[in-house]
Every structure is written in C-alpha cells, then in structure tokens.
Amino acid sequence: MSEMSSSAKARALAVEAQLDVDTDILDGGLNGHEDVIVNPLREGMFQAVTATPCAMIIFGVSGDLTSRKLMPALYDLAMNSRLAEGFAIVGVSRRQWTDEQFRTEMRAEVERHSTLPVTDDRWNSFARGLFYVGGNFDEPAMYDRLRERLDELDRERRTEGNRLFYLATPPSFYITIVRSLGSHRLVERQDFYTAPRSGWSRIVIEKPIGHDLASARELNHAISEVVSEGQVYRIDHYLGKETVQNALAFRFANVLFEPVWNRHYVDHMQITVAESLGVEDRATYYEEAGALRDMVQSHMLQLLAIVAMEPPAVFRGNAVRDEKVKVLRSVIPPSGEAVKSLTARGQYAAGYVEGLAVPGFRQEQFVSPSSTTETFVALKLQIDNWRWADVPFYLRTGKRLPRRVSEIAIQFKKVPHLMFQAAGTRDVEPNLLTIRIQPDEGISLRFVAKIPGTTMQLRTVRMDFAYGAAFGGAGADAYERLIVDAMNGDQTLFARRDEVETAWNLIDPIEQAWLVEELTHLPLYEAGTWGPDKADLLIERDGRSWRRP
Amino acid sequence: MPTGAETNAPAMELIWESKDIEVGRIRSALTEQWHRWEAEYPDPSVIEPGSTEQVYMRASTVNVIVAVDTETDAEWAEAVLAHLSDYSPSRLLILVRNGRPEGAETYTVRVKVEEREHTRGVAPVRLETITILAPPGNDQSLASLSSPLLIPDLPDVLFVPYGPISNNTLVSSLFELVDILVVDTIWTRDTGASFAVLAGNATRQDVSDINDLAWSRMLVWRQLVAQFFDQPAALDSLETIEEVEILFSPIVDEGRSGRSAALLMAGWLATRLGWRAPGELVSFRDGWRSTLRAGETGKSREIVLMLSEGARTDTSGGLEKIRLVAGGTATGLFEIRRISEDEIETTSQHIDAAPVTRMVHSRCPDDRFLISQELRRLHEDPTYTAALDFAAILWPAGMDS
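These protein sequence lines map, in sequence, to chains A and B.
So for the first sequence, the numbering used here puts the first residue at 12; every next one is plus one.
So for the second sequence, the numbering used here puts the first residue at 447; every next one is plus one.
Keep in mind the hints are simulated off the structure, nothing from the lab.
Even glycine gets a Cβ: it sits at the ideal position worked out from N, Cα and C.
One thing to keep in mind: the hints can contain errors.
Pairwise CB distance ranges, derived in the manner of DEER restraints [stated by the list, open to error]: (1) L288(A) to E486(B): 36 to 46 Å; (2) S556(A) to T649(B): 20 to 30 Å; (3) L367(A) to A455(B): 29 to 39 Å.
Construct the entire structure; sequences and hints are all you get.
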C-alpha cells in the first residue's frame, strides 16, 4: 500500500466514480427467463444443456478465429446435438462467396480443426444450416440483404427471430457493425423486463475491447447506444476453461479453504501465464498491443478477480460479475514513479526454447527491427480491501518462456513457531496451493509430513488432484461452452462493461508511466528463460522469489 | 468416444482359497502386492530425485462393489471396470454369489493391484481389485465384507450388471450400505420384477440412489426429443400428441434387449407430460399397446402408445426409433431413428414450419463409457425415478413370461 501515492489513489477513485455501469444492468442481464421451464421435457436435463434455436451471424467469417475456433466448435456442438434442431449460421465477410463456396471453405477448416470426424453425410447435414452474405461492413445494402436472409431463415430453419451476432472481425470494425445493425433494425434494444422469449438479439465481441480506457469506453458507449448491456457478450475464452470455473467451485463449494483465504494466512499469490511460443501470426496486432494489453488487461486480471473476489450469492450473471468488479476496483493502480518498482517488462531475444533455436522478437516477420513492444511483463499488485490488505499479488506473463503454463499459486504464511527444531528441522516450507489451468489441469497442495522413521524428520509432500486422473479427460472446449451460454442468454462467464473498463483503469497508468521511460532501456531476455532480471528483482526485493512452475 | 485406460505394467495378483474370509489377510495381501509393485516398477516420471516434493499422492476416486452370480459374469465385470474409458475406481470389490460349486466349503479370494493411466502424462490411478467367489447360500456373509474392505471416505457404488435384482439377498443387503446402485436393466430377464424392486426402493429415503445404464444409454434420445419442442412453434404440439411409437432393439447377445429402455422412454414422456396409464400394456400385433390419458377428467384426451421390437441389432440394447404424432390444431410429426451405429437422424414437421431433417453423431455408447459417466456423476436423476414408476405400471412383474 505504501507504494501508492495519495494522488494516484485519489485519481483512481475519481476514475472509478466515472465507471458507473448502465442503469439497465439488472441482475442476470436478460437472463430472467432462464428460471421458467417452458418445455416440460427439459426438466431435470442438466447433463444435456442445448442451445436455444437461433441464427448465429459471424462477421469476419473468413478470418482465423472462425476457421480455427468458431466453426469447429459449432460443428462439434451440432454433431453432439447441443445445437437446436433449427440452427442457422450465417457468415458475413467481404469475400464474394456463394452459400456453396462458403460451405466448401468451411468444410476444409472443420476437417482440420474439429475433434469429431467429418463424413459426407454429417457434413451435408451440418452444412444445410450454413449460409453466406457477402459485402463490406460499412455497406448499407449488405445489411439489407442480411436482414432479408435472416427473415427467410426464420421460416426455413425455425430460428424464431433469435439472432446472435458474433463480431470476429478486427476491433476497428466493431462500432461500424454495431451501429449498422442498429440502424437496419437487425438488433433492437431489449431490456430485462421487456426482452421477448423469442426474437432476441445479442452481440458477442472478442477482446481486445479497446486499447486503453478511453477507447474501451468509446466502444462500450457506442454499443450501449444500440443495445442494452444485457445483450452484450464480451468473450474472454479463459473464463470458458474448466479449471478456471473449477477455481470458483474449489473456493466456494468447500468449507476448508475459504477460512484461510485471506491476509491472515496467505503470504502472497503468484499468477503465471507463460507461453513458449513467440508471436506467430499475430505480429502486427502484438506489435501494437504488447503483453500488458494483450494478456494482463484481460486474462490475468480475470484470474486475479476469481481468486480474490468475495463469494457471490449465486453462480449466475451479475452476482458473479458484481463481485469481480468489486475486487478489481479495490486493486491499487500502479502509477507514476511507483510503476518502476511495481512492474518489470522485457522483450525476448534469440535463444533456445524446448531444444530449438528461436529468433528474437525483433527478428520475427512483420515486427519492426527497432520494436519497443514488451513481450514479457511482471507486476506486483495490491488489493486495498479488508481481506487482502498487505498481501501482494505477483503477476507475470510472457512469450518465449521455457514452457507453456498457466497457474495460480497461493503461498501461505509460515507456521508462527516451529516446535521440531530440537529434532534437527530448522525450517519448513510453507503450504502452497497451486491451481493449474493448463497443462496438467488440477490442484495441488504442498504440506509438511513426517518422514517415516524413529526420528522427527520432516519433509514437504504434495497432494495432487489431477483432472485427468479424477475425471478423465478435460471437458468441453472453452468456445463450445461460451457459444452455448451466449445462445442461452447466460452472461456469467462473459465480461461486463464495468469489468473491462475497471481493468483498463489499472493498465492505463502503467502504459503512461512506461511511455516516459527511456525506451532504449527495454530489457531483453533470452528466449527460453523466465524473463528479464528486473522481474526477479521485483519480487526478490520483498524477500520472495518466483516459483518455477 | 475415448478408449479404455491403459495399464502401465502387468498387474500383480495373489490367489488363495480359505474356509473363512479373513479381512486382515486380504488387507495384508494388498499391502504386500504394492510393496512388490514399487520394487518392480519405480516410477521416475513421478518421483523426481532432485525435488523436495518426493512423495506423490495419487487421486482416490470411488469404491465399486460388483454383485454377480457367476465367475464368468465376474470376469466380464472386471474386464469392463478395470478398463473404463475415462474414470477408474480406486478399489473394486467383486462379490460372486455362485462362484464356487454347490456344497463347496471354501471361498476363493483373488487380490490384484495395478495402475491405470487415463490421460497420457497424468499420474495414473491405482486400482485394487478384490474378487471373492463364494459357494451358493452365502449372500449375507459376502455382504458383510463390504464395509471392512472398502476405502474409507470414498463414495461407494454398487453395480449389478446382470441382476437378478429381485429376490437377491446380496443386493438388498448391500443396497442400504452404498451411496448409489447402478443397474443395467437391458440384461434383466424379468423386467417387470426388477422395475418393481427398483421403483419400491427409489421411493425410500433410507436407501441409496439408483441409476440404470438403460436410462443413461437413452440420454441422447431424450435430448433430441426435447429439442423438437424447444421451438415455441412446436411447443403446442406437446398438448396434442395422439400417438407415440417406440421401436426397440431385439434380444441380442444372449439376453440384451431394448425393452426396458423403451418402457423408460414411455415413462419419461408420460411423467413429463402428465399422461396417465390405465394399467399394463396389452399385446397388439407384433408388439404392445396402451391408451394413455392426458388432461383433467371429463376433458381428457387419449394417447396411443405402441412399443415393438425393431430389427436392428447394432443398437446395444437401446432404441431404434421414436415417432410422435400430434393432431388437432397443432399437427406435427416428430421422428428420431438410428441410421447407423454412429448416427441418428431426426425429422420434424409441424403446421407452422417447414420440415427439418438433420443428422447427429451418436455412437451407441459402450458399457465402459456409460459406467465411467455414472462414476463421475454419482447421483440419481429424479426424472428417472418418475419414469421408472410409470414403466413399472406399464410392465408389471410377470409380463416377461
């Protein structure tokens, strides 16, 4: 807490005050109808949640996200009968494809990325629900054609006027598309109390939601002029991961851990999202974004919110999101001079990762040879609330680190007194709880045990819960889960406007402070190492060290 | 569907015969086998020499007790349960009622330890199998072994794959001790008697939950039927259904039949939609038939229910076709049929919409997959118990003969 100046704190509070959410955010967004069992055959069918009949319209359907994630997920959902009988998928992009050409293109992608095999019969059955509308996103006539096609599909495919618009485009098109959808009456504002059971419209957008607070607010404001917050689904695919959801179950469905989940017992937390890959085909985007915007603003702050938030009353919609926002608002934004000691950034240089020689970031294709974009960032954050006062949260993420791993490690305090010193045990490792998000999904707890024998010698042991061993393989793909949730109007695992803006409120001061630093001082780290020395310094100055995950 | 678990190394086994079953000896045998195992197969991937975390504790999952009649049934059960698709029990206790000849004075005890790896690279689950073959007439003695031989604090599952469920002291004694009873009524020779016993126990508060693999096998069918009526335009047709036709798998594999699945499907539809049965099904042409009633007395309507044996032998004791016909003001036709071992086709047409036909991937689930799912879930489906009650009315004890 001491590292935050009073002016910075005052500034944070002022910004927070501006982040009031829309007045139309009522509990559950537009989910109020979930409780009403309309179809009596659905009663008790919890194991087989299927999507509401609807048309899913994918803008930017010729892009990478659709090919690698969306279309394979939709195919798997359809083949596993989790899509409604009458579903329709309408692709929209600038390509001049016919329906048939679109189907042919998509088949190739699905064959490459789907988990289920594709046969002619199966593909033909799925492809009957695929349609295409070509045109520019700023071309009014395209939206007219789209509306006509959707009206036809309501009759032919029984989509009931339900429309899920998925914006898989570069973010620069978001505002244009949303405004056009509104002006062409393809979406209409639907509030909680007036949302129809049929004829709903929803918009799904992918991160990044803006590149700073101002642009995020501009985007959110533009969207809010057209639809209500209950119609907006901001995807962070990390929230669709089984292990992230399991972290909530672990905390709030067990009585054992919550009593020690606070400043009295927790020494600090470490959140690591490490990638062994470089920028791959995202160089253009990444050059502008950097690790802080790309990973910390979204995934890592979501993880922090999940481990640090207070228990919601129910696992649903705004109950969960309210608590996440509350804890994010309690994070003290590092700003000004404090940024130097609370953050560390770096850029990977050439090195070896998993036995292979790899180039440095500046040698990657489409990256400027003088790039100052950070590919690694480490942060120390403090949460200024009753539960977490004085407990540091160390976050680090980067590319070309030694291995791909995402985990949350909760380091507990040491025992206040060690009674075994006479038997030769000078010190014991404190308890450590690790939530492994990927790979080897699971949870492990390190504790101290007596080594069998006649003397009182102690050693740490690890109790391990592995998803693979306890439940077999991992669950559904994150996109499958999130697509069905959006079709069913469940916003629990989607980021709300104030969540996103609060997260930017934490990121902006860091970016601003970095801007005034000497850019030539951006430290390089060798690919295949755990980041620059300054990252070690950041934690070692507190008498702690990074885990080797 | 995932393949079965892989074993890392051959199992270690100890077999003996004794006049009495000595629990202490069985426990010692388990410990002894694990010592042998650890000496034989040290696991370098789990125990890292340089690590401070040198003891790896494997996940404990669930106890499974299997109650069967013969040694052949026991061998089948062990082969299935030791190779589940994505979930392994920690301890498997196989109790065989007629595992020794009539008049034999000894029990045979077999203790086996092994490791099963379900996900490559993930620590394996240790599986301990204890098989006890008893001479006939020792049901209560066998039942008394369950508590001392199960791993404490784990959920206990009683699996009765073949029945009989009625007039079975071993099953009825164990039933009150375990958390959940899993049966598979597609093998049941007297479906009516089994339904009656299960339905009677399902209403008791003091006994375990019940699940039936025949019910789990139909999950995708129930899901697909329900999906027809997710369309608001089709929802009205639920109120005007006049005819239900269910075609089920004929008897194959020396006794496996889809009849219980068909009865449970009829029970599910009836209990979800508020239909009443006047009594048991009656023989009609090549199958059975009943006229059910819906709505209040005086304004009720009739629904003709027809069940018959199909011709497909690749449905693993499941269903072959369901056809729902709605009349009146909400005319519609809704049909689901299996078209191959891997695929199901659905067709629907109703008054307000164009017909839609689609295909979904649905391999007839094998026993390993289904049991894995039961062990993962470990709770009763309340819609099953309601369907079971109704099925017991449609097919009372004695109908099979």
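Quiz item: Is 36 to 46 Å a correct range for the gap between the Cβ atoms of L288(A) and E486(B)?
Solution: At roughly 40 Å between Cβ atoms, E486(B) and L288(A) fall inside 36 to 46 Å, so the hint holds.
Practice problem: Indicate whether the distance between the beta carbons of L367(A) and A455(B) respects the range 29 to 39 Å. | Solution: Since L367(A) and A455(B) have Cβ atoms about 33 Å apart, the given range 29 to 39 Å holds.
Quiz prompt | Status of the given 20 to 30 Å range, CB of T649(B) versus CB of S556(A) | solution = violated, 60 Å
Of the numbered hints given earlier, the model fails hint 2 alone.
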